[in-house]
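Residue numbers (our numbering), protein chains in the order written: chain A, 368 to 604; chain B, 936 to 1169.
Careful, some of the hints might be misleading.
Claimed, not checked - With beta-carbon atoms standing in for the labels, derived distance ranges:
id : chain 1 : residue 1 : chain 2 : residue 2 : range
1  : B       : Glu1136   : A       : Gln595    : 49 to 55 Å
2  : A       : Ala431    : B       : Arg946    : 43 to 49 Å
3  : A       : Arg502    : B       : Arg946    : 50 to 56 Å
4  : A       : Ala519    : B       : Glu1123   : 49 to 55 Å
5  : A       : Glu451    : B       : Glu1028   : 34 to 40 Å
6  : B       : Asp956    : A       : Lys517    : 40 to 46 Å
7  : B       : Ala1120   : A       : Leu582    : 53 to 59 Å
If you're looking for bench data, these hints aren't it; they were derived computationally from the structure. By construction, the Cβ of each residue, glycine as well, lies at the ideal position given by its N, Cα and C atoms.
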Amino acid sequence: MSAPVSYRRGDAGMPRDLVPEYRSTVLRAPQQPRIEIPHTLTETTGPSGCWDRLMGKAAADLTAQHRGEPIGQRIVVSGRVLDEDGRPVPDTVMEIWQANAAGRYIHAKDSWDAPLDPNFTGAGRIVTDADGRYRFTTIRPGAYPWGNHKNAWRPAHIHLSLLGPAFATRLVTQMYFPDDPLIEIDPIANAIPMPYRQRMVSRFDIATTQPNRALGYLFDVVLKGREQTPFEEDGHD
Amino acid sequence: MTDVTATLEGRNAAPRQDNQDPDLFGQTPSQTVGPFFHYGLPWKGGADLVGKSDLGARPELFGEAHYVLNLSAPTGTPRGEAIELVGTVRDAEGAPVADAMIEIWQANAEGRYRSEDDARDDAAIDPHFVGFGRSSTSDEGAYRFRTIMPGRVPGPDGTLQAPHIAVSVFARGVLNRLATRVYFAGSEGLDTDAVLAQVPEERRGTLLARSEKEGVWTLDIALGGPDETVFFDL
């Protein structure tokens, strides 16, 4: 058996663990340096071909999960999941969750008094196609206040969770919206140094926008790539 | 007097960079899972890899009408020794972390991963075992999985790894997924395991689950403090 091909390590855009401005990191960031380990089969494998069984069937339209239409600006979020070499990552699960248009989460511990929307849950999942493409229809989430510091507001964002092909490629991130002045003063987004922070800012796209229906935003997710390209023999089937 | 406008004509508007900018192409940065993931990620049964309970989710944290996650449908009993893996997640001061999510990834009883990237033909896939699971932590910071004892899988240079489960820790305040492993005290191969060998001896205990009751293995996870769990750079 050939040795598993390693994935690359995190690049310069990965956040530090301890970001004192984001107060929750203070007691939760590891204090010891991470230990580098070789990538074995454990790190280079991940569950494949069993998404339905694990996570249920796709739920790509978050505006159609209840009896009525949710309140808010309908949007389409679409893009590709790629590796660092620009190759599509097909057949991988992407899960999203978000606040509603008023910035309120459907969660018992969200104590903000903005209204809940009975027609909006804000959770979805999809499996990428052969070209790594995905597409969600949802509502543009609102900004919301949080207790990090006085007058702290989170910029509008959608949470994204991707497994990718391997344990090593697991990623949880957040997608932001263009022209949101809150990004610049948000300690969570600011855990990522510039210019890499801008990788998390989606782009408005008129071609993705559906006439008389929904505004379109583009967002590609780039997962860790392989250390080297696996050797492929020409004409070998 | 200097003409302050002299340089203006040479200036250009700052290009606005975003996700689609080819100059910025690279790994999407990691962000925290936040405190409100429960209606989006950990499904009922997600922590029961043997497939017989609702373990893993916390549906009491949102209305029933908003449960859009999966309901696992067990297909049969996987081969191997059924075990429980339990523990508490604590922060650097020892306080329980009530809003963490633990994920596991492991081989089946024969040491085979259910993955396209495990192409070995000397160990078989178990049709009743995927090997991936998710558990929310409780208000007391506790996680709990029901799974099977993994078999040994190959390591670097022809070695065999000790039985282990790969673990990811997510939580509010955790900006990068924390990757670690669970090993089992007393199992074969611990002293020759190539990954464990990278860990200073005095810290290896943070990766060793112990069993005081038949079939129940306990490993607490400390995000900081004197017994901080060893986390890996992947």
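>> Could you work out which of the previously given hints the structure breaks and list their numbers from low to high?
In response: Hints 1, 3 and 6 contradicted; others consistent.
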